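For the record, the sequence lines run as chains A and B. Using this note's numbering, read the first sequence as starting at 433 and increasing by one per residue. Using this note's numbering, read the second sequence as starting at 433 and increasing by one per residue.
Hints in this document: simulated from the structure, not taken from any laboratory. All values reported here derive from a predicted model rather than from experimental measurement. Where hints are given, some of them may not hold.
Where chains are identical, the list cannot tell them apart; a pair therefore holds if satisfied intra-copy or between any two copies.
Think about it this way: if two alpha-carbon atoms lie no more than 30 Å apart in a straight line, the pair counts; the simulated DSSO-like pairs of lysine-lysine are [claimed, not checked]: (1) Lys448 / Lys520; (2) Lys556 / Lys518; (3) Lys740 / Lys655; (4) Lys555 / Lys810; (5) Lys459 / Lys556; (6) Lys559 / Lys810; (7) Lys702 / Lys556.
One-letter residues, chain by chain:
2 protein chains.
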Amino acid sequence: MKDFKYYTPTFVRFGKGTENETGELLKRFGAHSVLVIYGSDRVVESGLIGEILDQMDELGIAHAELGGVVPNPRLSKVREGISIGKEKNADFVLAVGGGSVIDTAKAVGYGLPDDGDVWDFYKKIRKPVTAVPVGCVLTLSATGSVMSDSSVISNLETGEKLGLNSDLCRPAFAVMNPQLTMSVGPYQTASGSTDIMMHTMERYFNREGNLGLTDMIAKGVVKTIMENTPKVLEDPDDYDARAEIMWAEALSHNGLTGCGGDGGDWACHKIQHELSAMYDVAHGAGLAAIWGTWARYVYREIPDRFYKFAVDIMDVEPSEDREAVILEGIRRTEEFFRSIGMPVSIRELGPDPDEEALNALADNCSRSVGGSIGSARKLFRDDFYNIYKQAL
Amino acid sequence: MKDFKYYTPTFVRFGKGTENETGELLKRFGAHSVLVIYGSDRVVESGLIGEILDQMDELGIAHAELGGVVPNPRLSKVREGISIGKEKNADFVLAVGGGSVIDTAKAVGYGLPDDGDVWDFYKKIRKPVTAVPVGCVLTLSATGSVMSDSSVISNLETGEKLGLNSDLCRPAFAVMNPQLTMSVGPYQTASGSTDIMMHTMERYFNREGNLGLTDMIAKGVVKTIMENTPKVLEDPDDYDARAEIMWAEALSHNGLTGCGGDGGDWACHKIQHELSAMYDVAHGAGLAAIWGTWARYVYREIPDRFYKFAVDIMDVEPSEDREAVILEGIRRTEEFFRSIGMPVSIRELGPDPDEEALNALADNCSRSVGGSIGSARKLFRDDFYNIYKQAL
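Chain A with its partners taken away, still in its complex shape (with noise of 0.2 Å):
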């Protein structure tokens, strides 16, 4: 077991009706002048953001707000809200949505303490050495940005789509009521479950070997995702279903299922970026679409991290013919995959890259990591065009 740390310092408020703290919540995390932001309608039109902005009235917060965060947020988006932020001296800003709003406000979050451009610091120029804190009323179970230490923020002018990891940002409280996420539709479930077990996947995927009790974690991450996704897909309103998934959620991200491994390979999630970024697809439905390629071009390298996935989280019954079993292992996960709607191909997922397309994917996947990576195998520029290449 690898040596790691743990830090998960946010406050969680988990169940039916936990939205109505939000203003007690806000005022206990010491918050006088909060900026809310919010992506699509639904939380408007649903009247939540008036709830909340009324519960802060009631206590004498003061409040300005954002909206309009769309999937794969913008940087003009955050700078908009640095910008609205610091004109009324916000001191919390508050995200009520997704992922996408979430990383949105942690965004905002480093920028308004800082006079330079928040750009800096996903571009690894410039260190954050402080940030605002952000609270969350969470609608949507998909990124686990509300319990970790990243966002991630797209540049449309440059084309890219940059993670920034920091303590600083992990939020301070987080409100958790699984009915909220009731009005998601299928596609959207679907590609907020993937991304769910993908982030423990990732960590799952490691050199270090096998491990015990953060192993058995991340199968009952994975078993409860494969295990609930169908119920609310059946049932949007099934509660428990969408309260395991929301629990599932936070913890596939929080740190939690990467305890004693080497930090994980993290692979897909950069060349699903890429997709992302050039085409504007769901994030979880792009990881979909490339695991299994990405399985199969790398499996050889930690054969028995890939054996135990198979057996222990796949069910695949145990053989002298390893390989077989792990090959297995992947289908019945693409398998997973597509009986809940998710493509397992770039074309099923939407795009048809030609030639130049896959090699600007390439090039921009490679920049972006800066030249190489992957725990599983260390993967370089030409493994990165052979796996958008092989995922058609």
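Given chain A, work out where chain B should sit, using these hints.
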């Protein structure tokens, strides 16, 4: 799934040699004057205390020491710590040891900013509103106090052993080096493992019904203990096994294994506390001595939970004779306790209470829990008597 809150702000630094980072962690968490608390001479003789004091000296952090904390830690020692800490204006309490030392440090943390009697908090006469922060360097895997909100203190004058739960005492940081537990002897190691298992099992046996992810994490914790305890009894220097147990310790009692449940049963803990208060027996060993009796006393009330426990965690073959499956699950748990050298009756534990003592234990337990306790089955004074008697 029931609503819940989840809050584990403790910064965990886990791995080899991490005790060398203690000084830096104290600095990071704002300590200027530290009261260092420890128990046995083991931590002095090993040089650990000296190394940590040296780190503080190098960083200009003032310190005072309090040694001699014993298992079932005592109020008298807590008062001594508060007195020393006040004299030295301590703004941080560092526990170097296991659960007894950490619980003492937490109690001192409550007492330092308070002008009244700290025992008032444990008697629930007053509620603490603030506390001096606590950090831990863990040397024994057992109580889970390292990330928990609880501390349990014994008052020898009154014969009371009382717990106090509050987020105020969750440690600011925890240094967890599994190597520091290698010198712990077999009985104490096994007793610690039992305590770890029981923190999850107390939460598992509740009336909310079967959960998904939380149950899978609970299974992971119990399986981790059952797989790794025999390994460290065989080879005390098995790093990975020590590490798995240590990590299971933290997760078993930080709230994770109870998320979505009804809070848990906790009758076994209370029944055992009275044995410890009267006979000063090891907490984990005391739990092993009574658990099977308790389980057979209550299982009919929540048969689904006991059935799932038997099949899913104790690997009993499913059968239509559900009662036989349940009883086999209980038998296998006791068999495991025996296999690691733990008692499964009070006489095996050591004490041999006569009729008068049994009645005193039942009276004390009833008084300490305010009349009744239990989720699986609500137990009263005569139930406590029956369980003590049947567990003889």
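Against the structure, the hints:
{"no.": "1", "hint": "Lys448 / Lys520", "result": "neither (32 Å within a copy, 47 Å between copies)"}
{"no.": "2", "hint": "Lys556 / Lys518", "result": "within (23 Å within a copy, 46 Å between copies)"}
{"no.": "3", "hint": "Lys740 / Lys655", "result": "both (14 Å within a copy, 17 Å between copies)"}
{"no.": "4", "hint": "Lys555 / Lys810", "result": "within (22 Å within a copy, 59 Å between copies)"}
{"no.": "5", "hint": "Lys459 / Lys556", "result": "between (33 Å within a copy, 27 Å between copies)"}
{"no.": "6", "hint": "Lys559 / Lys810", "result": "within (26 Å within a copy, 55 Å between copies)"}
{"no.": "7", "hint": "Lys702 / Lys556", "result": "within (16 Å within a copy, 53 Å between copies)"}
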